[in-house]
Amino acid sequence: MTKQIHLAAHFPGVNNTTVWSDPRSGSQIDFDSFRHLAQTAERGKFDFFFLAEGLRLREAKGRIHDLDVVGRPESLTVLSALAAVTTRLGLAATVNSTFNEPYEVARRLATLDHLSGGRAAWNVVTSFDAFTGENFRRGGFLDEADRYTRAKEFLQTARELWDSWAPDAVAADPESGRFLRPGGVTPFRHEGRHFDISGVFSTPRGPQGHPVIIQAGDSDEGREFAASSADVIFSRHSRLEEGRAFYRDVKRRLAAYGRRPEDLKILPAVTYVLGDTEAEAAERAAEIRRAQVSPQTALYFVEAVWGRDLSGYDPDGPLPDLEPDLDDGVSKGHAQFRGDRGAVAAKWRALAEEKNLSIRELVVEVAAPQTFVGTPRSVADEIDRFVQTDAADGFIFVPHLTPGGLDDLVDKVVPLLQEKGVFRADYTGPTLRDHLGLAPRTLTTRTEEIS
1 MTKQIHLAAH FPGVNNTTVW SDPRSGSQID FDSFRHLAQT AERGKFDFFF LAEGLRLREA
61 KGRIHDLDVV GRPESLTVLS ALAAVTTRLG LAATVNSTFN EPYEVARRLA TLDHLSGGRA
121 AWNVVTSFDA FTGENFRRGG FLDEADRYTR AKEFLQTARE LWDSWAPDAV AADPESGRFL
181 RPGGVTPFRH EGRHFDISGV FSTPRGPQGH PVIIQAGDSD EGREFAASSA DVIFSRHSRL
241 EEGRAFYRDV KRRLAAYGRR PEDLKILPAV TYVLGDTEAE AAERAAEIRR AQVSPQTALY
301 FVEAVWGRDL SGYDPDGPLP DLEPDLDDGV SKGHAQFRGD RGAVAAKWRA LAEEKNLSIR
361 ELVVEVAAPQ TFVGTPRSVA DEIDRFVQTD AADGFIFVPH LTPGGLDDLV DKVVPLLQEK
421 GVFRADYTGP TLRDHLGLAP RTLTTRTEEI S
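In full-length UniProt numbering, the protein residues as written are 1 to 451.
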């Protein structure tokens with residue numbers, strides 16, 4: 001059976017994907033940039049528009065790391081504004097579960113679901129470092145091992161709040177003078193390890209029941225969390241064989257939670273570069289990668305892994321012959337450089353020696369190379385091949401330009417996917433759950449009532 005492809009768009013930023021110095025690049029902050037990208041995605045009949053978010057600016061050697069985009073506006077506020085200038089496109093926000101509270105997050109997401117007519121989605125993330133926690137009263141109060149525990153309970157609590165309103169709770173009946181239907185709202189009471197809250201939730205149940213839940217963790221615990229609770233995985237596995245292995249592993253976990261493979265969509269983050277010929281596309285892709293990995297960015301990547309100030313090294317020269325300093329680091333707030341930096345350094349050194357790569361050439365090769373490169377026809381065929389061979393259910397495209405980075409994809413590739421019969425010609429329903437082929441969330445058991 002031919003699978004239908006799911007497409008989404010990611011507003012570029014947060015990392016070195018965005019070439020903000022390109023003359024064609026617009027503002028990273030003005031609302032018109034968000035509007036243009038979102039409306040382009042909707043014109044292409046994409047499932048949703050996705051905003052990432054960090055809670056602290058990254059630093060390098062004690063200074064704000066401003067080689068990349070910094071200072072992005074808060075996601076849910078932007079998406080609430082976009083709800084007024086789009087009609088079908090899903091609106092997905094990253095909201096941190098480590099340094100927020102369930103009541104407020106549930107309220108804001110239910111509000112977005114109402115404002116958008118059922119198009120809200122929540123990318124549930126955790127913070128891994130006390131550096132981010134310094135911006136909050138609690139600081140780094142949780143061990144990293146406990147952060148998924150909190151995230152699971154956070155999501156569970158939010159679901160209890162959304163379920164405390166029945167779908168028909170608002171009666172607004174002039175004859176009886178009652179705004180709420182008797183029994184339509186129940187008090188909530190949650191007692192758990194991380195949250196002990198009770199009261200009455202203030203926001204009616206949204207059109208989708210619950211917003212779509214997105215998860216991006218890749219650890220074993222993250223995969224299990226996604227299998228139990230998520231509707232979409234924002235995956236980093238954008239290579240064919242890696243994607244197939246990840247797809248098999250996550251989909252096999254669903255049965256343990258009474259779920260079907262189609263209940264969870266796996267959407268890797270990808271990029272694209274088009275050309276009139278394969279050679280032209282490859283040349284453009286190389287130019288873009290050089291723009292994304294400036295000499296300063298290349299040094300930053302190696303400094304973050306080595307844990308040392310390498311400003312005296314030539315980016316076009318070889319890797320440092322120093323051993324990494326694994327006890328400290330010169331970069332803070334970047335999840336990419338977690339884990340065993342010694343193993344990463346050894347792997348990079350072996351690759352550089354094998355291919356005789358300079359620092360900059362190495363970083364160009366290892367730091368998320370372009371995914372789909374070719375003519376519109378070959379890119380459409382490759383997108384389809386990934387999905388039909390179970391390497392993904394679709395893709396979240398991360399363009400390198402703001403705000404026009406999706407234009408070519410929508411104008412030149414999407415029509416070919418529609419021609420192949422693997423992508424919708426138009427939306428078939430009003431909600432994001434409709435776009436993803438997901439059923440609305442039903443109510444959990446309700447006991448005590450407000451009459």
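What the hints contain is simulated information worked out from the structure, not anything from laboratory work.
C-beta: ideal position from N, C-alpha, C; glycine also.
Among the hints, a few may not be true.
Said to hold, decoys possible - The calculated label-pair distances, taken between Cβ atoms and stated as ranges, are:
| no. | residue 1 | residue 2 | range |
| --- | --- | --- | --- |
| 1 | Ile29 | Arg252 | 37 to 45 angstroms |
| 2 | Asp196 | Glu287 | 49 to 57 angstroms |
| 3 | Asp407 | Glu287 | 36 to 44 angstroms |
| 4 | Glu221 | Glu242 | 37 to 45 angstroms |
| 5 | Asp321 | Glu287 | 43 to 51 angstroms |
| 6 | Ala282 | Glu242 | 17 to 25 angstroms |
| 7 | Lys3 | Asp407 | 57 to 65 angstroms |
| 8 | Thr442 | Glu287 | 45 to 53 angstroms |
Stated by the list, open to error - Simulated crosslink set (SDA-like; lysine to any residue; CA at most 25 angstroms straight-line):
| no. | residue 1 | residue 2 |
| --- | --- | --- |
| 9 | Lys45 | Thr86 |
| 10 | Lys347 | Glu361 |
| 11 | Lys420 | Pro261 |
| 12 | Lys355 | Ala279 |
| 13 | Lys355 | Arg290 |
| 14 | Lys61 | Thr77 |
| 15 | Lys152 | Glu53 |
| 16 | Lys3 | Asp426 |
| 17 | Lys61 | Val422 |
| 18 | Lys355 | Asp314 |
| 19 | Lys152 | Ala279 |
| 20 | Lys61 | Gly275 |
| 21 | Lys152 | Gly118 |
| 22 | Lys420 | Pro295 |
| 23 | Lys152 | Glu134 |
| 24 | Lys347 | Asp321 |
| 25 | Lys355 | Asp434 |
| 26 | Lys412 | Ile288 |
| 27 | Lys420 | Arg441 |
| 28 | Lys152 | Asp220 |
| 29 | Lys152 | Val170 |
| 30 | Lys152 | Ala166 |
| 31 | Lys45 | Lys61 |
| 32 | Lys347 | Asp325 |
### Task
Any hints from earlier that this structure breaks? Give me their numbers in increasing order, please.
Of the numbered hints given earlier, those the structure breaks are 3, 4, 5, 7, 14, 17, 19, 20, 22, 25, 27, 29 and 31, listed in rising order.
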